[in-house]
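Number of protein chains: 2
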Amino acid sequence: MPLSIVRTVADLRAQVTAWRKAGESVGLVPTMGALHAGHLSLVTLAKTKAQRVVASVFVNPTQFAPHEDFDAYPRDEAKDAGLLESAGCDLLFAPTVAEMYAPGFSTTVTVSGVSESLDGAARPGHFAGVATVVSKLLLQCGPHVAVFGEKDYQQLQVIKRLVADLDIPVEVIGAPTARADDGLALSSRNAYLTPAEREAAPSLAAALRDAVERLRDGVAVDRVENTGRAAMERAGFSRIDYFEVRDASSLTHLGPGPITGPARILAAGILGKTRLIDNMAV
Amino acid sequence: MPLSIVRTVADLRAQVTAWRKAGESVGLVPTMGALHAGHLSLVTLAKTKAQRVVASVFVNPTQFAPHEDFDAYPRDEAKDAGLLESAGCDLLFAPTVAEMYAPGFSTTVTVSGVSESLDGAARPGHFAGVATVVSKLLLQCGPHVAVFGEKDYQQLQVIKRLVADLDIPVEVIGAPTARADDGLALSSRNAYLTPAEREAAPSLAAALRDAVERLRDGVAVDRVENTGRAAMERAGFSRIDYFEVRDASSLTHLGPGPITGPARILAAGILGKTRLIDNMAV
Numbered sequence: 001m002p003l004s005i006v007r008t009v010a011d012l013r014a015q016v017t018a019w020r021k022a023g024e025s026v027g028l029v030p031t032m033g034a035l036h037a038g039h040l041s042l043v044t045l046a047k048t049k050a051q052r053v054v055a056s057v058f059v060n061p062t063q064f065a066p067h068e069d070f071d072a073y074p075r076d077e078a079k080d081a082g083l084l085e086s087a088g089c090d091l092l093f094a095p096t097v098a099e100m101y102a103p104g105f106s107t108t109v110t111v112s113g114v115s116e117s118l119d120g121a122a123r124p125g126h127f128a129g130v131a132t133v134v135s136k137l138l139l140q141c142g143p144h145v146a147v148f149g150e151k152d153y154q155q156l157q158v159i160k161r162l163v164a165d166l167d168i169p170v171e172v173i174g175a176p177t178a179r180a181d182d183g184l185a186l187s188s189r190n191a192y193l194t195p196a197e198r199e200a201a202p203s204l205a206a207a208l209r210d211a212v213e214r215l216r217d218g219v220a221v222d223r224v225e226n227t228g229r230a231a232m233e234r235a236g237f238s239r240i241d242y243f244e245v246r247d248a249s250s251l252t253h254l255g256p257g258p259i260t261g262p263a264r265i266l267a268a269g270i271l272g273k274t275r276l277i278d279n280m281a282v
Numbered sequence: 001m002p003l004s005i006v007r008t009v010a011d012l013r014a015q016v017t018a019w020r021k022a023g024e025s026v027g028l029v030p031t032m033g034a035l036h037a038g039h040l041s042l043v044t045l046a047k048t049k050a051q052r053v054v055a056s057v058f059v060n061p062t063q064f065a066p067h068e069d070f071d072a073y074p075r076d077e078a079k080d081a082g083l084l085e086s087a088g089c090d091l092l093f094a095p096t097v098a099e100m101y102a103p104g105f106s107t108t109v110t111v112s113g114v115s116e117s118l119d120g121a122a123r124p125g126h127f128a129g130v131a132t133v134v135s136k137l138l139l140q141c142g143p144h145v146a147v148f149g150e151k152d153y154q155q156l157q158v159i160k161r162l163v164a165d166l167d168i169p170v171e172v173i174g175a176p177t178a179r180a181d182d183g184l185a186l187s188s189r190n191a192y193l194t195p196a197e198r199e200a201a202p203s204l205a206a207a208l209r210d211a212v213e214r215l216r217d218g219v220a221v222d223r224v225e226n227t228g229r230a231a232m233e234r235a236g237f238s239r240i241d242y243f244e245v246r247d248a249s250s251l252t253h254l255g256p257g258p259i260t261g262p263a264r265i266l267a268a269g270i271l272g273k274t275r276l277i278d279n280m281a282v
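Quick mapping for you: the protein sequence lines, in order, are chains A and B.
To convert, note that position 39 of the first sequence is 39 in my numbering; the numbers rise steadily by one, no gaps.
To convert, note that position 10 of the second sequence is 10 in my numbering; the numbers rise steadily by one, no gaps.
Keep in mind that the hints were calculated from the coordinates and are not lab data.
These numbers come from a predicted model, not from an experiment.
Each hint should be verified, as a subset may be incorrect.
These stretches of chain A come out as covered by chain B in the derived footprint (C-beta under 8 Å, 3 or more residues) [unchecked claim]:
id	region
1	13-23
2	138-147
3	161-175
4	196-205
Calculated lysine-lysine pairs in the DSS-like style (CA-CA distance at most 30 Å, straight line) [to be verified]:
id	chain 1	residue 1	chain 2	residue 2
5	B	K21	A	K160
6	A	K160	B	K160
7	A	K21	B	K160
8	B	K21	A	K49
9	A	K21	B	K47
10	B	K273	B	K47
11	A	K21	B	K21
The beta carbon of each residue, even a glycine, is placed where N, CA and C say it ideally should be.
Between the sequences and the hints, there should be enough to build the whole structure, so can you do that?
Written out as structure tokens, the structure reads:
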């Protein structure tokens with residue numbers, strides 16, 4: 001089946017309504033485009049959960065700070081559409097900024113708690129932008145399930161929280177992070193890395209893997225975090241935003257001693273001019 | 001048909017889903033209970049717009065400030081249920097606070113601009129509480145139309161704004177304010193008035209009617225506002241929150257000269273221990 005592309009909420013709703021009337025379930029995979037194998041694995045997972053899959057491509061301006069890479073963020077719709085079609089996606093929703101934010105737009109969805117530390121501290125306003133645009137996409141499309149990558153683990157928890165809190169009738173599913181053979185988490189921003197930086201980048205995943213093992217061995221949280229930050233420094237990260245062991249769902253601090261329940265290690269920092277993030281389950 | 005009462009989102013959704021599957025349209029009338037003829041007129045209007053009507057009764061704690069009348073707010077579910085049944089309402093959704101706000105609840109919907117002045121200034125946090133709970137009620141019920149009273153005119157504009165901005169798939173309808181024979185806008189809070197205050201209270205509506213006429217005669221906005229505030233003082237209001245002429249949809253300031261387009265006059269103040277609000281179209 002060829003991939004259809006729609007650019008308005010009205011056209012999106014017309015197609016989804018037709019599917020629902022025909023008794024077909026619908027999955028949504030929200031993305032910012034610049035698709036890679038990680039995104040395609042989300043589509044593949046969505047296809048196992050719903051009969052029809054919609055992917056959205058929208059580089060959302062409100063989740064970028066003024067100094068961040070909104071303008072430089074890679075965009076290639078033709079390539080994205082080809083990849084989505086090959087992955088079996090049924091519909092691409094690619095709205096303009098004007099379609100998403102009409103004149104007079106003035107509503108914000110904020111999530112306290114889970115969004116406040118880590119990327120919420122490093123990128124003020126980021127999660128309000130994410131929470132608002134994801135609320136819109138879910139309500140525009142009205143899918144049965146929506147799939148998000150665990151690569152943005154804090155984002156996934158923020159979305160699960162807002163969907164539960166606002167009673168948005170959708171099942172939110174997290175998909176495992178896709179990685180290169182050397183362990184580097186796939187990311188659209190990896191395209192910014194120089195060859196030398198690309199060679200150093202897998203050390204972030206290696207530091208996380210090492211931390212997982214040490215936590216399982218009963219090493220104290222504060223020691224594991226210190227070792228992880230040191231590994232990021234040695235790898236050449238010029239800024240370390242965090243390397244932290246957190247509760248797996250509330251993202252509250254754990255430690256300083258050994259962990260006793262489900263935990264997640266989350267790390268972020270700047271390598272060269274590129275901000276990399278990654279995380280792993282313990 | 002006897003009125004059914006449900007207390008959980010799951011039960012509400014089961015009933016609404018059954019109606020939708022049967023091809024019936026659904027209207028929602030959100031209320032805080034203590035129902036009077038004004039609320040029943042919303043139900044009557046909803047019945048002209050949808051085949052099934054759900055009323056919710058939920059005194060929402062998050063839209064009351066700590067010093068306000070949350071605990072004292074009148075509650076009489078049996079009486080409310082009887083009135084709703086007589087008005088032809090099909091279902092009463094009466095959730096507990098715990099059903100609406102589970103442990104860990106941390107999401108807020110805020111609307112800038114239209115919510116910031118008037119009651120937004122007089123009651124900090126009020127409209128964030130309203131916007132969040134109304135978002136929840138709309139998403140819990142999933143109605144085709146939702147009816148709100150023009151009595152809370154700023155609230156109606158806030159809700160129209162958030163529904164458009166978040167793409168909640170519902171038509172929001174405003175219903176005219178129901179009034180006593182002497183002009184006083186019906187309100188659950190009128191029950192707080194002493195006999196003497198009740199006698200003075202219609203002067204608020206009289207001042208608004210007078211202001212409408214003067215604006216139509218071309219009198220300048222600032223003169224009309226001053227006259228209105230003076231009338232409220234003479235009527236015994238101990239605090240005047242506002243008496244203002246605003247743009248009918250954005251609620252931005254108009255004046256100081258005569259108006260040139262659709263306007264709304266909004267007024268609020270405290271009479272005795274009771275806060276009264278009212279508004280009229282110009």
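Okay, the hints, checked on the actual structure:
Taking a C-beta to C-beta cut-off of 8 Å, the region 13-23 of chain A contributes 1 residues in contact with chain B, too few for the three needed, and the coverage statement is violated. With 3 residues bearing a CB less than 8 Å from a CB of chain B, the region 138-147 of chain A meets the requirement of three and the coverage assertion stands. Note: the region 161-175 of chain A has 8 residues with beta-carbon separation from chain B under 8 Å; the three-residue rule is met and the coverage holds. Only when three residues or more bring their CB closer than 8 Å to a CB of chain B does the claim for the region 196-205 of chain A stand; here the count is 0, and the claim is violated.
Between B:K21 and A:K160, the direct Cα distance comes to roughly 28 Å. Compliance with the 30 Å bound is thereby established for this hinted pair. Taken as a hint, the A:K160 and B:K160 pair is honoured in the structure, with Cα atoms around 26 Å apart against an allowance of 30 Å. Pair hint A:K21 plus B:K160 holds up; C-alpha atoms about 28 Å apart against a cutoff of 30 Å. The straight-line distance between the Cα atoms of B:K21 and A:K49 is roughly 22 Å, inside the 30 Å bound, and the hint therefore holds.
For the proposed pair A:K21 and B:K47, the alpha carbon gap of about 25 Å is at most 30 Å, so the pair holds. Among the hinted pairs, B:K273 with B:K47 is inconsistent with the structure: their alpha-carbon atoms are about 36 Å apart, more than 30 Å. The hinted pair formed by A:K21 and B:K21 meets the criterion: a straight-line CA distance of about 10 Å does not exceed 30 Å.
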